[in-house]
Amino acid sequence: MAESHGGAKGPAAGAHTEADGGHHGGGFPPFESSSFASQLVSLAIFFVLLYVIVSKLALPRIGGAIEARQNKIEGDLAEAQKLKDQSDAALKAYESELAAARTRAQAIGNESRDKANAQADAERKALEEQLAAKLAGAEKTIASTRAAAMSNVRGIAADAAGQIVQQLTGVVPDAASVNAAVDASLKG
Amino acid sequence: MKIDPIHQFNIEPLFTLGHIGNHTIAFTNSSLYMLVAVAIISLLMLASGTQLVPGRLQSVAEISYEFVASTIRSTAGAEGMKFFPLIFSLFMFICVSNLVGIIPYTFTVSSHLIVTAALALLVFFTVLIYGLYKNGLKFFKIFVPHGVPIYILPLVMFIEILSFFLRPVSHSVRLFANMLAGHIALKVFAGFVAMLGFSLGAIGWIGGVLPLALTVALTSLEILVAFLQAYVFAILTCIYLNDAIHPGH
Chain W
1 MAESHGGAKG PAAGAHTEAD GGHHGGGFPP FESSSFASQL VSLAIFFVLL YVIVSKLALP
61 RIGGAIEARQ NKIEGDLAEA QKLKDQSDAA LKAYESELAA ARTRAQAIGN ESRDKANAQA
121 DAERKALEEQ LAAKLAGAEK TIASTRAAAM SNVRGIAADA AGQIVQQLTG VVPDAASVNA
181 AVDASLKG
Chain L
1 MKIDPIHQFN IEPLFTLGHI GNHTIAFTNS SLYMLVAVAI ISLLMLASGT QLVPGRLQSV
61 AEISYEFVAS TIRSTAGAEG MKFFPLIFSL FMFICVSNLV GIIPYTFTVS SHLIVTAALA
121 LLVFFTVLIY GLYKNGLKFF KIFVPHGVPI YILPLVMFIE ILSFFLRPVS HSVRLFANML
181 AGHIALKVFA GFVAMLGFSL GAIGWIGGVL PLALTVALTS LEILVAFLQA YVFAILTCIY
241 LNDAIHPGH
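Residue numbers (full-length UniProt numbering), protein chains in the order written: chain W, 1 to 188; chain L, 1 to 249.
Calculated directly from the structure, the hints in this document are not laboratory data. Some hints could be false.
[Stated by the list, open to error] With a straight-line Cα cutoff of 27 Å, these simulated DSS-like cross-link-like pairs (lysine-lysine) come out: (1) W:Lys72 x L:Lys82; (2) W:Lys56 x L:Lys82; (3) W:Lys56 x W:Lys72.
Every value quoted in this text rests on a predicted model; they were computed, and no experiment measured them.
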């Protein structure tokens, strides 16, 4: 900094002596004081003009365009976020729905299985009872038939014994002695 | 053939506008190039579209806008945006007039100390007046840095005050000297090409390739300098304004 200050003073001081010496035309143009007023006036006019154009027209215009773009981008991002949230919510709803349906299906399955089991059990029990009843009836019939058959056996045996005796001896045996003989052999 | 690297800085009155005291106020070539700069900036900022997806011209306008705005925000804070139009005008005016000045046969507005000094003084008085208006006497705190031992405080204060009042000098001379020196160097090297050619014939034209290459290199350097000096001027303005906005260092 200090060096540039020193350097600045040198030419400036030299310029004044040169300008004061009145070397117009042949002097160093940047230090010709006769042109200063013109330059300052035109600089003032054009810089003020530029400042007004920049501050009133140019910067609001460009700044507006940049801001509009920024707003547009932010709006689009917000929109995208909203849509993403919506789809996330839909996905969540779908998943919970699916889980609910799954549990419901399981419940229905369990219920129908239980019901079917119960029904089958009941049917089997009824069938078993029916079969047991039938079996009991059949046993009773068998017993009675057997008793009847057993009572018939004595008559048949007596008849057969009488016939056999008749065939062998040619004499019709006495019914009472045959019966006694049959009874004795049945007992023995 | 004589090289006259100073000729390009001549002020030539085009027509007279009037008189103030015994000064003649003329519309000069300098005025013309100021007008050209204002016209180019206006065209850039007002003729570009304001579409959602910017075109080329609109991009340039928006980049300039964002560039200056971010420079102000980073150096002077959000409060510095009050001076956005001023800093934008300064930056664009200096940048455009410098870039136009690189075109051969044109005139560089900022190669005259009176112009850069006027702009630097505009900044200086803006800082001074706004600083006093905004902070009152607290503005003078900028001359009293914190944490300096009391026995060297007078010396530090003296240096601070001196540097404050030398700001417009360094501010204006930096821009002026850069433009002046760059243009003189360009003219000298470009003049060598013609001088060698005319004085030595065929050998001279072949030998002129070297200064020609240097001229091309220097021109690209000057384009950088033209932008950089405008940026330096604008960022220094921001830093000075930061003092006026926040005087407590």
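Right, here's what the structure says about each hint:
1. W:Lys72 x L:Lys82: holds (26 Å)
2. W:Lys56 x L:Lys82: Holds: Lys56 of chain W and Lys82 of chain L sit about 13 Å apart, inside 27 Å.
3. W:Lys56 x W:Lys72: holds (24 Å)
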